[in-house]
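Protein chains in written order, with this note's numbering: chain A, 30 to 330; chain B, 30 to 330; chain C, 30 to 330; chain D, 30 to 330; chain E, 30 to 330; chain F, 30 to 330.
Worth double-checking, as some hints may not be accurate.
Since copy identity is lost for identical chains, a pair holds within one copy or between any two.
[Said to hold, decoys possible] Listed below are the simulated SDA-like cross-link pairs for lysine to any residue, each with C-alpha atoms no more than 20 Å apart in a straight line:
no., residue 1, residue 2
1, LYS145, THR57
2, LYS296, PHE97
3, LYS147, GLN60
4, LYS310, GLU59
5, LYS193, GLU292
6, LYS288, GLY214
7, LYS103, LEU317
8, LYS310, ASP144
9, LYS311, SER140
10, LYS147, GLY293
11, LYS103, GLY179
12, LYS177, ARG222
In case anyone wonders, no lab produced these hints; they're calculated from the structure.
Number of protein chains: 6
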Amino acid sequence: MKRITFALVAVIVLIAPVLIHAQLFSLTREQMVEWTSQNPFDRFPDGRPKVPDALIERARGLSSEEVFAILPGKGFRNQYEDGFHVLHPDKKLVGRAFTVQFMPLRPDLESVINDKAKAAGQGRMYNQVPMDMLQPGDVLVVDLFGQKEGGTIVGDNLFYYLMKGAHAAGLVVDGAVRDLDGISGMEMPAYFRSVHPSYLTNVIITGINVPIHIGNATVMPGDLVLGDSEGVYFIPPALVQQVVDNADVVHIHDEWTRKKFDEGKYKSRDIYGSPSDPALKKEYEEYLKKRLEEIRKTNPK
Amino acid sequence: MKRITFALVAVIVLIAPVLIHAQLFSLTREQMVEWTSQNPFDRFPDGRPKVPDALIERARGLSSEEVFAILPGKGFRNQYEDGFHVLHPDKKLVGRAFTVQFMPLRPDLESVINDKAKAAGQGRMYNQVPMDMLQPGDVLVVDLFGQKEGGTIVGDNLFYYLMKGAHAAGLVVDGAVRDLDGISGMEMPAYFRSVHPSYLTNVIITGINVPIHIGNATVMPGDLVLGDSEGVYFIPPALVQQVVDNADVVHIHDEWTRKKFDEGKYKSRDIYGSPSDPALKKEYEEYLKKRLEEIRKTNPK
Amino acid sequence: MKRITFALVAVIVLIAPVLIHAQLFSLTREQMVEWTSQNPFDRFPDGRPKVPDALIERARGLSSEEVFAILPGKGFRNQYEDGFHVLHPDKKLVGRAFTVQFMPLRPDLESVINDKAKAAGQGRMYNQVPMDMLQPGDVLVVDLFGQKEGGTIVGDNLFYYLMKGAHAAGLVVDGAVRDLDGISGMEMPAYFRSVHPSYLTNVIITGINVPIHIGNATVMPGDLVLGDSEGVYFIPPALVQQVVDNADVVHIHDEWTRKKFDEGKYKSRDIYGSPSDPALKKEYEEYLKKRLEEIRKTNPK
Amino acid sequence: MKRITFALVAVIVLIAPVLIHAQLFSLTREQMVEWTSQNPFDRFPDGRPKVPDALIERARGLSSEEVFAILPGKGFRNQYEDGFHVLHPDKKLVGRAFTVQFMPLRPDLESVINDKAKAAGQGRMYNQVPMDMLQPGDVLVVDLFGQKEGGTIVGDNLFYYLMKGAHAAGLVVDGAVRDLDGISGMEMPAYFRSVHPSYLTNVIITGINVPIHIGNATVMPGDLVLGDSEGVYFIPPALVQQVVDNADVVHIHDEWTRKKFDEGKYKSRDIYGSPSDPALKKEYEEYLKKRLEEIRKTNPK
Amino acid sequence: MKRITFALVAVIVLIAPVLIHAQLFSLTREQMVEWTSQNPFDRFPDGRPKVPDALIERARGLSSEEVFAILPGKGFRNQYEDGFHVLHPDKKLVGRAFTVQFMPLRPDLESVINDKAKAAGQGRMYNQVPMDMLQPGDVLVVDLFGQKEGGTIVGDNLFYYLMKGAHAAGLVVDGAVRDLDGISGMEMPAYFRSVHPSYLTNVIITGINVPIHIGNATVMPGDLVLGDSEGVYFIPPALVQQVVDNADVVHIHDEWTRKKFDEGKYKSRDIYGSPSDPALKKEYEEYLKKRLEEIRKTNPK
Amino acid sequence: MKRITFALVAVIVLIAPVLIHAQLFSLTREQMVEWTSQNPFDRFPDGRPKVPDALIERARGLSSEEVFAILPGKGFRNQYEDGFHVLHPDKKLVGRAFTVQFMPLRPDLESVINDKAKAAGQGRMYNQVPMDMLQPGDVLVVDLFGQKEGGTIVGDNLFYYLMKGAHAAGLVVDGAVRDLDGISGMEMPAYFRSVHPSYLTNVIITGINVPIHIGNATVMPGDLVLGDSEGVYFIPPALVQQVVDNADVVHIHDEWTRKKFDEGKYKSRDIYGSPSDPALKKEYEEYLKKRLEEIRKTNPK
């Protein structure tokens with residue numbers, strides 16, 4: 030038993046100071062680096078992977094299908110979720126995941142969390158605490174376990190703050206928002222399950238920048254979040270480069286395919302998925318090579 | 030307007046006495062006054078509360094959230110309902126509730142109701158009877174118990190009548206409509222559960238201007254109906270003034286909050302819900318006072 | 030009007046003096062008689078149809094299918110509802126409908142109702158008021174608009190009272206009950222949508238012994254309620270005799286059909302729906318006649 | 030048009046003999062003629078009814094309600110289905126049904142089907158085979174038993190092919206599509222249950238141009254498909270003429286009704302359904318006659 | 030075109046005579062043999078695979094999990110369906126699939142089908158036609174596309190016939206039954222979606238002993254149907270032997286695992302899935318070998 | 030018991046130090062004590078609250094309603110969850126919560142977790158790891174985010190181990206089980222969402238003995254779990270004593286109430302909720318006092 034007690038003390042020395050400043054289940058920089066060790070990019074000071082801005086720009090051209098073309102084949106079958114109310118179906122959501130986990134309120138747990146937050150000079154723990162921690166380009170990804178009434182992470186004022194004050198890239202919440210009329214007029218992309226006039230209530234934050242799940246997708250802090258009119262993909266940083274590179278090929282394939290269909294003399298199977306006729310195949314391959322070179326000039330890695 | 034008022038009186042002379050004996054569960058003027066005794070405003074000849082036109086105009090600026098800010102705190106927790114197909118999400122619905130209750134048809138009950146209607150010179154009882162009783166500015170609020178097939182309260186002709194003939198402010202139905210293509214081109218706001226090509230059938234009217242419930246909201250004749258892109262609020266007349274007055278404060282608070290966020294130097298908690306810094310707090314209070322005065326000049330009670 | 034007033038006074042002496050002034054939408058005896066004018070049987074003092082005990086006894090042998098065999102053909106297509114948690118699937122529910130209508134609570138309406146109830150010496154209006162008005166053999170049929178949390182019409186104590194104190198025949202509620210472990214041990218049949226540990230709350234009674242609907246079935250006070258393991262039928266008194274008489278024929282047809290199938294030499298189409306072979310047809314008709322005579326001796330009208 | 034006709038003949042020479050041996054449950058021309066024997070129009074070479082182009086043009090003015098006005102009365106109560114994601118709610122879908130039936134994949138069945146397809150020189154059986162059989166003006170109607178993940182009949186490339194290569198009139202699928210962003214920019218009407226980024230997988234084709242059901246509607250090859258913002262009607266060829274003729278009357282009735290409501294002096298019952306006043310009735314009948322004549326000049330049968 | 034016509038004629042000669050006696054989409058013996066070519070067992074006269082009685086007996090010991098242990102690994106991932114009302118959760122359903130496909134009624138199709146049926150001396154086509162074709166030990170598997178009202182394949186009389194007259198092994202219907210009280214007292218296993226008092230109506234039979242799907246499971250005539258308290262598996266004949274053989278091993282593994290847990294000295298991971306300790310592993314392997322020999326003596330292939 | 034205590038200590042020596050490094054979000058003893066600081070009872074070596082055996086015994090008499098009588102009033106409104114398949118509705122579930130959190134699998138996270146587990150000598154992290162950590166009397170409470178296929182926490186072998194090897198009190202899983210036929214024959218209470226024949230797959234453990242939520246209830250390690258035929262309550266240790274004490278009063282009140290109803294001379298309002306008549310009230314109070322004394326003798330605190 031002695032040895033155990035000793036080990037516990039050691040752990041406290043290493044972790045506890047961090048926890049005092051952080052939340053119930055926030056990771057230290059070291060833990061964050063460990064849990065996201067496959068990240069090939071730089072990191073934020075708190076250890077969160079920072080997908081480069083250039084890749085984020087290229088990712089604006091992605092669709093869910095182009096992510097699907099890579100992820101399941103790499104074993105990542107739980108990174109997509111749909112069933113959202115999409116605020117602006119014609120705007121892509123692209124940014125880095127900042128995760129928050131809520132659970133139904135219980136007063137004993139709330140009291141511990143608020144005591145810790147107060148001790149760390151944070152006042153009480155509530156939805157604005159993580160909002161004030163966001164970095165420009167972040168997407169606030171919130172597990173509110175599907176709550177509607179009382180599960181409204183923002184209204185139009187905090188939505189405005191996310192967009193203008195925090196320079197956030199967007200919002201994904203497995204829960205609700207309020208002030209739909211108000212936020213509909215704002216440009217930031219947002220994905221939510223429902224809308225309700227109530228305030229956020231009867232819930233507590235149990236984790237900031239920890240792994241969470243949004244429906245059947247597991248989200249890690251620093252994931253590249255991609256939302257289109259269908260749903261949202263959470264792309265592990267290690268796969269972002271491959272996804273955007275492959276999408277270039279897909280785009281060229283689409284171009285060529287439609288050009289051929291426009292000629293009006295082919296059945297679908299002559300051209301698509303890949304041309305059956307060797308001459309056509311060669312034509313396609315040359316087109317692909319030429320266009321890739323053009324694109325790569327514009328889009329240097 | 031004179032002629033309309035005159036016409037209304039004439040109609041009352043002809044119809045109202047009859048209705049007392051004719052409808053299954055219609056209220057007499059005395060009953061209506063009793064059941065809506067907290068109404069602070071004038072009434073229609075049949076006793077229904079008449080929220081003043083000036084307040085109705087001011088209510089066009091309301092959102093569901095601004096009603097929520099007052100009603101639950103006064104014990105009114107069952108006045109909001111959503112889950113509607115909103116015909117024009119960008120148009121507010123504002124008007125006075127005229128309620129109709131349907132139940133699934135049973136021939137024995139239908140025969141009694143029609144006998145009474147005939148005896149009162151009304152022909153048979155069906156959906157056009159209450160429509161022809163509407164006053165300008167009314168919202169037809171119909172409990173069709175969620176029926177889809179056969180639960181279509183109007184098609185495009187009667188929708189057109191409501192809008193152009195009856196000068197109704199809108200329609201809320203816990204049931205369906207037909208002719209979606211047709212009514213989509215008309216401006217009147219409407220909230221319905223579903224759309225179906227069938228006629229209204231297999232149902233009977235069991236009450237006109239009685240208390241009804243639309244989902245989990247209880248509606249009284251004369252309630253102020255407010256619909257936005259989220260859902261519909263049924264506001265008791267006695268609370269309308271307080272709701273619109275408080276909304277003025279909310280609007281100013283929104284203005285100031287966003288102005289500060291635009292300055293780009295604040296965290297959300299510095300400014301919202303209320304400013305933590307005493308100087309900011311004072312700034313806000315002065316802003317609020319000044320703007321309220323401006324608004325009150327434009328919007329005299 | 031004089032006679033009506035007089036009749037009311039008489040009723041008051043027996044039961045309702047209070048109720049006439051107290052309930053929102055309770056019917057007078059005259060109204061009840063009018064709305065149920067096709068009732069061929071005696072009535073309770075309040076005018077509610079009283080299907081005779083002998084017919085109720087015969088109705089215990091009915092199944093939903095035997096009611097279906099008659100009602101839709103008479104135009105009654107909205108008298109059946111299912112989707113209930115059936116407390117005792119092996120016990121038939123048979124009795125006379127006593128209806129109660131609830132709506133979501135709104136304080137202004139509640140205050141009017143309670144003022145009226147108090148003025149009539151009833152204290153406040155709540156679920157025990159109609160329970161204390163039940164007659165032996167009644168089925169309490171309650172429209173709680175599907176409410177689960179807060180929509181619990183009874184727990185085990187009031188369930189016990191219904192069974193032992195009020196001699197009720199059963200309970201049908203478009204809402205919930207509480208104390209499932211407790212009521213499961215009691216013999217009275219009950220049909221409910223759900224179970225929740227909460228108390229009945231956030232609702233008000235808006236009608237006692239008025240027409241209500243339970244899902245897609247319209248129920249009138251005095252209907253014969255028949256529940257089996259599938260669902261519940263609400264049979265208008267005027268059709269009860271025909272339903273039970275026809276069921277005798279169905280039972281005999283079932284007997285004969287199975288007897289023939291037991292012989293093992295027939296295809297289904299030889300025997301069922303009706304025998305194709307003239308000899309078999311004659312055999313069946315003689316069997317039917319003989320058995321009907323036997324049954325009618327045991328079951329005199 | 031000449032060239033198209035020529036192309037069709039060529040296709041028949043190449044494909045049709047093969048299909049007889051290739052498809053699991055495709056009908057021969059004789060069978061097709063037999064199963065659609067009430068068709069009053071010409072047929073495609075494979076026997077499929079060919080509603081004339083002129084009627085298809087007139088059908089563009091139809092709404093679901095105008096089809097409903099005729100079909101149930103003729104006993105066709107299962108020809109309408111809704112619950113779709115409607116790609117372009119403001120565009121009518123009108124065309125001839127080409128049906129495809131899928132079932133969940135089972136390898137033993139797939140192996141038989143592919144063996145047959147290979148033996149007939151078709152390669153394997155998959156979604157592009159029926160697409161390459163479409164005739165201009167066809168609507169591809171696909172029973173994918175509501176499948177979402179893996180039930181994506183087309184992405185944007187094949188959608189483009191349907192529109193530009195096959196000159197299809199549209200798509201109805203009891204299943205999914207992919208590439209929503211991509212297809213949203215294309216003009217062809219489409220009705221689908223859901224959207225998913227996955228490929229079409231884990232399913233097999235079990236019938237081409239056989240009777241199928243899309244939800245509760247039974248579809249025959251050659252049916253006139255009509256989609257509006259509500260849902261989709263599958264109209265048997267034998268009823269098309271009557272539907273469009275009756276719609277002319279409905280349109281005129283609508284015109285007249287609204288014109289009268291615009292006059293502002295009528296209650297709804299004075300005018301609609303039909304005028305109660307004999308003078309008004311006569312006015313309407315004359316209007317109808319005159320307008321019908323005008324329309325019939327423009328729209329010769 | 031000549032060649033096409035010729036081909037069509039040839040097909041007619043081969044298929045048509047059969048169709049006259051069969052149904053819309055019933056298979057000839059040759060087609061049945063072709064579509065079930067992997068069947069290793071004898072066949073019924075109509076070509077349907079006949080899993081031997083001895084294997085059926087052994088299959089009574091199977092659970093869904095023991096089928097799952099084999100089928101997905103062989104690529105059969107769509108053979109299981111649940112979500113049924115299980116009539117007798119404590120009785121296994123085991124038998125050979127006899128499939129019937131229904132679609133929503135359309136009068137033109139019904140008229141063709143009935144003409145054909147009459148021409149073949151069958152009278153009209155309805156639910157009793159396939160019932161009279163059943164072989165002892167068959168399970169009637171019916172695609173009624175989830176229909177409840179009007180989708181009642183049997184009531185208690187036909188259920189009795191299936192059990193006593195047709196010696197059927199059971200019933201699986203993606204639809205409803207009626208007379209629940211009646212059939213609950215009969216021993217035959219049955220799986221259905223819902224119960225309703227209505228008659229079977231508004232549907233037509235479009236296939237007998239053709240491939241159908243029950244939810245997400247594709248069923249072929251002759252499949253071994255296995256139902257337990259969870260759901261129903263449709264096992265291709267070619268895999269039945271392997272499934273029952275493997276289940277013997279599973280049963281022995283269960284015996285041994287629990288025997289070890291009863292000893293009370295092991296953690297779960299010491300024993301299950303397979304023992305980590307070499308001595309335990311050897312003990313298990315010897316136990317398995319011994320017990321398999323004992324079982325194989327009792328259960329010779 | 031000696032041997033068990035000894036075994037526990039041994040296990041701690043072997044496992045506990047490891048866990049600190051091994052689990053993703055497991056709490057140290059100090060953290061556990063902090064997060065459950067309101068616990069009034071002893072603790073397990075890992076800090077988890079240990080509600081005393083005597084209180085657990087008394088809790089067997091509780092129903093959900095008796096917990097509801099206390100918890101919401103103390104601000105604990107999110108401790109109840111229903112919607113489970115209840116394995117044995119006639120057996121109470123009572124024990125101490127041992128919590129496990131799963132998320133959808135992602136390979137990068139899985140690889141980190143397994144590396145840590147291996148480094149700590151635990152092999153890979155999977156469902157049997159927490160099962161082998163259970164203490165006698167524990168209830169395994171598992172957040173499997175509602176997963177059905179692949180979300181099967183146990184089959185019959187591990188269920189048997191929980192019951193016989195780990196002496197667990199029961200199982201609550203927001204997910205599935207397999208082998209329903211097998212586990213139905215075992216006595217341990219279990220609550221699950223669904224049943225599926227698949228193995229547990231496509232998920233990872235992300236926390237052991239951390240706060241989790243089961244639907245809308247937040248569960249802390251060490252909560253007293255109470256399951257009856259309705260649902261499951263998770264009771265904070267600090268409130269257990271009050272709940273069971275109050276339940277004694279409720280039981281006596283039930284006894285007395287029914288005794289009075291049995292006398293047959295009271296309306297429900299005379300007796301229930303509390304007697305209106307002062308004499309009856311006194312009678313009740315004396316009965317309560319006497320019975321409480323009797324009970325307290327048998328059930329000393």
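Results of checking the hints against the structure:
no.	hint	in the structure
1	LYS145 to THR57	both (16 Å within a copy, 16 Å between copies)
2	LYS296 to PHE97	neither (26 Å within a copy, 37 Å between copies)
3	LYS147 to GLN60	between (24 Å within a copy, 17 Å between copies)
4	LYS310 to GLU59	neither (51 Å within a copy, 40 Å between copies)
5	LYS193 to GLU292	between (48 Å within a copy, 9 Å between copies)
6	LYS288 to GLY214	between (38 Å within a copy, 16 Å between copies)
7	LYS103 to LEU317	neither (24 Å within a copy, 38 Å between copies)
8	LYS310 to ASP144	neither (68 Å within a copy, 26 Å between copies)
9	LYS311 to SER140	neither (69 Å within a copy, 32 Å between copies)
10	LYS147 to GLY293	neither (70 Å within a copy, 26 Å between copies)
11	LYS103 to GLY179	between (38 Å within a copy, 18 Å between copies)
12	LYS177 to ARG222	both (8 Å within a copy, 19 Å between copies)
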